[in-house]
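S.K.: Here are the chains, one letter per residue:
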Amino acid sequence: IDLIISTLNMSKIGYFYTDCLVPMVGNNPYATAEENSTELSINTEVYSLPSRKLVALQLRSIFIKYKSKPFCEKLLSWVKSSSFARVIVLSSSHSYHRNDLQLRSTPFRYLLTPSMQKSVQNKIKSLNWEEMEKSPCIPEINDSEFCIRIPGGGITKALYDESCSKEIQMAVLLKFVSEGDNIPDALGLVEYLNEWLQIIKPCSDEPTASALRWKIPSSWRLLFGSGLPPALF
Amino acid sequence: MAATFFGEVVKAPCRAGTEDEEEEEGRRETPEDREVRRQLARKREVRLLRRQTKTSLEVSLLEKYPCSKFIIAIGNNAVAFLSSFVMNSGVWEEVGCAKLWNEWCRTTDTIHLSPTEAFCVFYHLKSSPSVFLCQCSCYVAEDQQYQWLEKVFGSCPRKNMQITILTCRHVTDYKTSESTGCLPSPFLKALKTQNFRDPVCCSLLEQPNIVHDLPAAVLSYCQVWKIPAVLYLCYTDVMKLDLITVEAFKPILSSRSLKGLVKNVPQSTETLKKLMTTNEIQSNIYT
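As they're listed, the protein sequences go chains F and P. Quick note on numbering: the first sequence equals residues 2 to 234 in the numbering used here. Quick note on numbering: the second sequence equals residues -2 to 284 in the numbering used here.
Everything labelled a hint here was simulated from the structure, so no lab data went into it. Don't take each hint at face value.
To be verified - Here are the computed lysine-lysine pairs in the PhoX-like style, where the Cα-Cα straight-line distance is at most 25 Å:
{"#": "1", "chain 1": "P", "residue 1": "270", "chain 2": "P", "residue 2": "260"}
{"#": "2", "chain 1": "P", "residue 1": "40", "chain 2": "F", "residue 2": "68"}
{"#": "3", "chain 1": "F", "residue 1": "13", "chain 2": "P", "residue 2": "156"}
{"#": "4", "chain 1": "F", "residue 1": "81", "chain 2": "F", "residue 2": "68"}
{"#": "5", "chain 1": "F", "residue 1": "13", "chain 2": "P", "residue 2": "260"}
{"#": "6", "chain 1": "F", "residue 1": "75", "chain 2": "F", "residue 2": "13"}
{"#": "7", "chain 1": "F", "residue 1": "119", "chain 2": "F", "residue 2": "167"}
{"#": "8", "chain 1": "F", "residue 1": "124", "chain 2": "F", "residue 2": "202"}
{"#": "9", "chain 1": "P", "residue 1": "223", "chain 2": "F", "residue 2": "75"}
{"#": "10", "chain 1": "P", "residue 1": "172", "chain 2": "F", "residue 2": "216"}
{"#": "11", "chain 1": "P", "residue 1": "40", "chain 2": "F", "residue 2": "70"}
{"#": "12", "chain 1": "F", "residue 1": "66", "chain 2": "P", "residue 2": "40"}
{"#": "13", "chain 1": "P", "residue 1": "256", "chain 2": "P", "residue 2": "270"}
Note that the structure is predicted; figures quoted are calculated from it, not measured.
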């Protein structure tokens, strides 16, 4: 989402202010110059690009204990009352939970709610994407029922389930990832989304060129801490 | 899970959060579990009391009293700064006290607060009662920060007031391309809301640095509700009460936030030194 907001230079239009996420503040994470670096940002902000009829909600901190469910309810209630045509959730799942088949295939998966399936099924089929497989609901039990599980996906499954029952047009796009430097995963996921939405002109041949087409925000600097003390060497 | 260099397998904190566990907990929760959770939530509630009358405040603090200026010190160094330089320069009357319990701040579960448990006290200036001050030396946990905001600011935010927050962070939290060992700590950084128009007394906090906890909660609230607010953050390598750290806040004395509230700086510096000595004796581990 940072890559989308930064590359498309989306404007901040508001805040999704709740008591569900850990508070945090900092200066403009997408600053490009001295002049635009001093606008304060908080943990949940809404950005838009009217020319593309695109709105992005960025969540920058984790949920406070027991608040993830109330957050899902508030979010979907806002989605419904704002009459968004479609919702796309970008997510991830622990790569170490993959089964043998998943280990050998692409790390990207998608999920569509029934109402979304009706409108975009053909387009998704033409992209040759892999749908998220069902897995045993209770892995330890042999004859357990199969259901959609997204370990490490946070509120993704809850949002998906609620949207199914509320008939919200929602798509989930996710990648199997590991802990660590997730910058390449972010670039991969945004390229995956771009195959469908064509946010920026797609470039099918050069995978390395993708990193250059998306604008890395200034806030991604020093992801792993400050510089090293020279005395160490 | 992660394997360490020494061959142990440890549960590493996961940036995906713990929602999966929470969901499973919810499914397996019995009525007894729910009751325990309810009781724990009640124990962790933030309450505003009037110590003089031993009663709770029925409405939020700023709904009860009009406020034009609110200075909040969070952490013992910021509290010592306001004690020595601001509270000594005028007559301040206590208007309320926040009572809260968490793993770091263990108050007893009674309606009263003993003087040693008064970690978060609110005052107003007798000569100008719309000027408020909060001395908060306890840690307000994640699940209590929004409650604190509600009990203090209430649900009807006022725009015609100005908030100033003072706090400290450890210098190793500061991200810079140089090593943090090379930084001239303690040093001051500021963050301000969009509606804060006055000049700030130091440079602004650069990305990718961010602020958490109660200072972030207050500043977020002010940004969303368009209240002019400024946070002065002192990065220091000494988190306990320390003279040099407290004195690093001195540039704020000339700001409009503290205008008219500071009278005698040399006398205040003496008071501060006495405060340090008293605390040093108390912290002697051999007594």
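S.K.: Could you run down the list of hints and mark each one as holding or not?
M.R.: These are the hints, each one checked on the structure:
| no. | hint | result |
| --- | --- | --- |
| 1 | P:270 x P:260 | 17 Å, holds |
| 2 | P:40 x F:68 | 18 Å, holds |
| 3 | F:13 x P:156 | 21 Å, holds |
| 4 | F:81 x F:68 | 20 Å, holds |
| 5 | F:13 x P:260 | 43 Å, violated |
| 6 | F:75 x F:13 | 20 Å, holds |
| 7 | F:119 x F:167 | 15 Å, holds |
| 8 | F:124 x F:202 | 17 Å, holds |
| 9 | P:223 x F:75 | 22 Å, holds |
| 10 | P:172 x F:216 | 21 Å, holds |
| 11 | P:40 x F:70 | 22 Å, holds |
| 12 | F:66 x P:40 | 16 Å, holds |
| 13 | P:256 x P:270 | 23 Å, holds |
Figure legend: structure checked against the earlier numbered hints; the only hint not met is number 5.
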